[in-house]
Amino acid sequence: MSQPLIIAVPKGRILAEVMPLFARAGIHPEPAFSDEASRALRFATDRADIGLIRVRAFDVATFVAHGAAQIGVVGSDVLMEFDYSELYAPVDLDIGHCRLSVAEPADMAAKDDPRSWSHVRVATKYPNVTRRHFEARGVQAECVKLNGAMEIAPVLGLSNRIVDLVSSGRTLAENGLVEVERIADVSARLIVNRAAFKTRAAQVLPLIEAFRAAVERKSAA
245 MSQPLIIAVP KGRILAEVMP LFARAGIHPE PAFSDEASRA LRFATDRADI GLIRVRAFDV
305 ATFVAHGAAQ IGVVGSDVLM EFDYSELYAP VDLDIGHCRL SVAEPADMAA KDDPRSWSHV
365 RVATKYPNVT RRHFEARGVQ AECVKLNGAM EIAPVLGLSN RIVDLVSSGR TLAENGLVEV
425 ERIADVSARL IVNRAAFKTR AAQVLPLIEA FRAAVERKSA A
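Just so we're aligned: the sequence shown equals residues 245 to 465 in the working numbering.
Treat the hints with care, as some may be off.
Stated by the list, open to error - Below, a list of computed lysine-lysine pairs in the BS3-like style, where the Cα atoms sit at most 25 Å apart:
| no. | residue 1 | residue 2 |
| --- | --- | --- |
| 1 | Lys369 | Lys389 |
| 2 | Lys389 | Lys255 |
| 3 | Lys369 | Lys255 |
| 4 | Lys255 | Lys462 |
What the hints assert, rightly or not - Across the chosen pairs, the derived CB separations fall in these ranges:
| no. | residue 1 | residue 2 | range |
| --- | --- | --- | --- |
| 5 | Arg365 | Asp327 | 22 to 30 Å |
| 6 | Gly382 | Glu330 | 30 to 38 Å |
| 7 | Asn404 | Glu280 | 35 to 43 Å |
| 8 | Asn404 | Ala464 | 43 to 51 Å |
| 9 | Leu449 | Ala350 | 46 to 54 Å |
| 10 | Ala350 | Ala292 | 49 to 57 Å |
| 11 | Pro450 | Asp356 | 47 to 55 Å |
| 12 | Gly270 | Val388 | 39 to 47 Å |
| 13 | Arg376 | Arg257 | 17 to 25 Å |
| 14 | Lys462 | Asn372 | 29 to 37 Å |
Hints listed in this document are in silico derivations from the structure and should not be mistaken for laboratory results. Model, not experiment: these values are computed from the prediction. Glycine included, C-beta positions come from ideal geometry on N, C-alpha and C.
Kindly generate the complete structure, drawing on both the sequences and the hints.
Rendered as structure tokens:
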């Protein structure tokens, strides 16, 4: 028997939305997967040919790009940041919708004109996307890399602006920030290691089609 395919799924906001798609695709994790007290990272499913690992969203892309997992679920924000050539993203899962935006303090935004920017200091966990965005506008971006708590950076003087994911905008508002530019709309994608796509096509292709069909059924419901 071939080795089981490993699917990397992200901890956090996307996880709850993606599990109904797994069920529609015929994949059900072992009970321990739903145990919030469990520290396990690898899980079996009701299919002997499929296993799951649960890791940080940014790490999903790395595990799949390097072949430690063959398939994964990750936001398009992560794909934009890493731009791994080893990854193929065949299915937009139509979940995890949000946007990647530039935000700044509301009092600054009231008198600020983004068209006048020539240099910006930005706190973000997306330095590559941020630099590319501003370079395209002819703006020099000095990026301060943070992995979380972005909204506090302007308050404490670490940076004037941030680039981060925005959903409802509530977290920004509670920290006195407002969106001033939208960089990209974001949704979760099914990703596949390109080598596995070729060498394990008999296993990978049916899974891709199962997820594509699951998305279509969700949209039709």
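Comparing the hints with the structure gives:
Proposed proximity of Lys369 and Lys389 is supported: the alpha carbons are some 5 Å apart, at most 25 Å. Taking the CA atoms of Lys389 and Lys255, the gap is near 21 Å; set against the 25 Å cutoff, the hint holds. With a CA separation close to 17 Å, the supplied pair Lys369 and Lys255 stays within the 25 Å bound. Between Lys255 and Lys462 the CA atoms are separated by roughly 22 Å; this keeps the pair inside 25 Å, and the hint holds.
Judged by the Cβ atoms, the range 22 to 30 Å given for Arg365 and Asp327 holds: they are separated by roughly 24 Å. Between Gly382 and Glu330 the C-beta distance comes to about 32 Å, which sits within the given range of 30 to 38 Å. At about 38 Å, the CB distance of Asn404 to Glu280 agrees with the hint of 35 to 43 Å. At about 46 Å, the beta-carbon gap between Asn404 and Ala464 stays in the expected band of 43 to 51 Å.
As the Cβ distance of Leu449 to Ala350 is approximately 50 Å, the hint placing it in 46 to 54 Å holds. Hint check: Ala350 to Ala292, Cβ distance near 55 Å, so the stated range 49 to 57 Å holds. For Pro450 and Asp356, the Cβ-Cβ distance of about 52 Å falls inside the hinted range of 47 to 55 Å, so the restraint holds. About 44 Å separates the C-beta atoms of Gly270 and Val388, a value consistent with the hinted range of 39 to 47 Å.
Distance hint check: the CB atoms of Arg376 and Arg257 are about 24 Å apart, consistent with the given range 17 to 25 Å. The hint said 29 to 37 Å for the Cβ distance between Lys462 and Asn372, and at roughly 31 Å that hint holds.
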